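In case you want the letters, here they are:
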Amino acid sequence: MSANIENFPGTPLSQADFDEGKILTTHWKPKLEYGWDAGVAISRYLAELKNGRLIGIKCNRCRRTVVPPRVVCEWCWEPMEAWVYLEDTGTVNTFSICYIRWDATRAKEPQIPAVIEIDGASRGAGILHLLDEVNADDVTIGMKVQAVWKPAEERSGSITDIKYFRPT
Amino acid sequence: MAMRKVAVVGAGMTKFMRRAQETGRELAFQASRMALDSCEMTLDDIDAVALGTAPDAFDGLHMKGEYLSDGAGAWHKPYMRCYVGGGTGVFAAIQGWYHVASGLFDTCLVVCEEKMSSCQPHPQGAFITIFDHTTERALKPNLVWIFALEMNRYMTVHGIEKKDIARVAVKNKRNALDHPCAQLAADITVEDVLNSEVLAWPVQRLDISPTSDGAVAIVMAAEHVAKRITDKPAWVRGVGWSLDTAYWTSRDLYYPKYVEYAARMAYDMAGITEPRKEIHVVEPYDPFDYKELHHLEGLLLADKGDAARLTAEGVTARDGNMPVCPSGGMLGVGNPIAAAGLMKVSEIFWQLRGEAGKRQVPGQPQTGLAQSWGDLMQVGCVVILGV
Chain A
1 MSANIENFPG TPLSQADFDE GKILTTHWKP KLEYGWDAGV AISRYLAELK
51 NGRLIGIKCN RCRRTVVPPR VVCEWCWEPM EAWVYLEDTG TVNTFSICYI
101 RWDATRAKEP QIPAVIEIDG ASRGAGILHL LDEVNADDVT IGMKVQAVWK
151 PAEERSGSIT DIKYFRPT
Chain B
1 MAMRKVAVVG AGMTKFMRRA QETGRELAFQ ASRMALDSCE MTLDDIDAVA
51 LGTAPDAFDG LHMKGEYLSD GAGAWHKPYM RCYVGGGTGV FAAIQGWYHV
101 ASGLFDTCLV VCEEKMSSCQ PHPQGAFITI FDHTTERALK PNLVWIFALE
151 MNRYMTVHGI EKKDIARVAV KNKRNALDHP CAQLAADITV EDVLNSEVLA
201 WPVQRLDISP TSDGAVAIVM AAEHVAKRIT DKPAWVRGVG WSLDTAYWTS
251 RDLYYPKYVE YAARMAYDMA GITEPRKEIH VVEPYDPFDY KELHHLEGLL
301 LADKGDAARL TAEGVTARDG NMPVCPSGGM LGVGNPIAAA GLMKVSEIFW
351 QLRGEAGKRQ VPGQPQTGLA QSWGDLMQVG CVVILGV
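Taken in order, these protein sequences are the chains called A and B.
Sequential numbering of the first sequence, starting at 1, is according to the numbering used here.
Sequential numbering of the second sequence, starting at 1, is according to the numbering used here.
Calculated directly from the structure, the hints in this document are not laboratory data.
None of these values were measured; they are calculated from a predicted model.
Among the clues, some could well be false.
To be verified - Label pairs and their computed distance ranges (CB to CB):
(1) A:89 to B:103: 54 to 62 Å
(2) B:276 to A:72: 57 to 65 Å
(3) B:195 to A:44: 47 to 55 Å
(4) B:277 to A:75: 31 to 39 Å
(5) A:150 to B:257: 54 to 62 Å
(6) B:77 to A:78: 52 to 60 Å
(7) A:53 to B:245: 21 to 29 Å
(8) B:257 to A:3: 31 to 39 Å
Unchecked claim - Just a few of them, taken from the derived set where beta-carbon distance is under 8 Å, the chain B residues facing chain A:
(9) 18
(10) 20
(11) 23
(12) 62
(13) 122
(14) 128
(15) 139
(16) 178
(17) 180
(18) 181
(19) 247
As the list claims (entries may be wrong) - Computed cross-link-like contacts, DSBU-like style, restricted to lysine-lysine with a CA-CA straight-line distance of at most 35 Å:
(20) A:50 to B:140
(21) A:29 to B:5
(22) A:150 to A:58
(23) A:50 to A:144
(24) B:77 to A:163
(25) B:140 to B:358
(26) B:162 to A:108
(27) B:140 to A:58
(28) B:304 to A:58
(29) B:257 to A:144
(30) B:5 to A:58
Where is the CB? At the ideal position from N, CA and C, for every residue including glycine.
Whenever a hint applies, use it, and build me the whole structure from the sequences.
Next comes the structure, spelled out in structure tokens:
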């Protein structure tokens, strides 16, 4: 069937169609605002970030410590209740050198997002954060890094209380 | 559990385009009408409609399923919309399958539509909402991050170089030259990929599929109906789907375990014990070139870390032993998210019926597999068709 069809439907538009005013378009910018409650597990996580500490949670059944903390172990679906303070150091699990912003516009200086396995959590348990104070070309998977915190008075109970991670 | 045999009996699609003149509703109508015409059916012959499309935020429309229902032919019919991220296109076919396999309906029209151009300046802006609002979004992430992080992990664990991955983009964009609906068909080289703009290393411009507008539809029917409609039904031999945890930073991204679970479910249902011998043509999800390799491994069609070698040796070429993305894939044909997944099911349907024209793989394939993937790198959906 596909082989016998010469003209598939659909009309691609070109820039010229817009320049020549052939296309009518209606624009709308939503004005939405949300307030997200942190919930039971993440409230403690944020409170400890404000204190300059990372905290995880352990499933005593799976013997797995994860971060960010959560109230249920997704493996065995039992409640997680054993809070565990973690180091603010870790290992780069993977990273990227990123030249585009969230809206696909281009940035001159790259950001280095990374998944960082946190010391004290189980192997493979990491968080998303950024690397800095390092030449992008020098970053490797397996690199040891440490959190760089905002000064105590500037911390607000947010993941951005850690400014970034840097090589140790 | 007694399940009825179900076949795909018709398929239709629009061109995939950067920006279409048609609205989503109009695209849905075009593809649906073409699918019905292809098997000489009318809407009166359709018992139920299954629809797949992206979240409402993409289009700025509340209840997009309802908005699209007219174009999808759902008036006064049982109608259901599904969404599992990029996995939607193949999942919609699974939904159509169980509507019919269950015995509830004899026929089901499955429609997938996407009009990504409405979200401006770029749909990346809508993608940010997939990240956790408290623990991740404050870092101002963008969607390409997670692909780049996964690609780097995959490359590093296996010691695969970028040039080995770039061959997938070259192959698929070339295959797409033979697809009449293709948006980004091109005759490019590995060097072109390696020299293209770095977006989020290791992801470069030509590693990545475009945003697209487009729609695809298929018609599914129970055995007694399918045999009246066509002497070449493509039977659904197996389906599978699986989700991994949304805590994506807590699992190793180098291997898509959830795709393996989805594949095993589908292979079990199809009675397939040696997929590498029994699957003759494959359409894995390829929004990025490394994803085709990643998914071939998850589908157990390549050893872990070995899919790049298969590509280099031509095994996955259209005339290779295991043709992969003979359509041109999403890298070449385009990526209107839900529609792209269903395009893969349609391609397998056309390949098995020997109707793929210039894209036809040699050797009269008997069994083919389509797979999609999505959300926070956590959803795998698989459909196996056979003639």
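Numbers of the earlier hints that this structure fails to satisfy, in rising order
2, 5, 6, 11, 12, 16, 21, 24, 25 and 30
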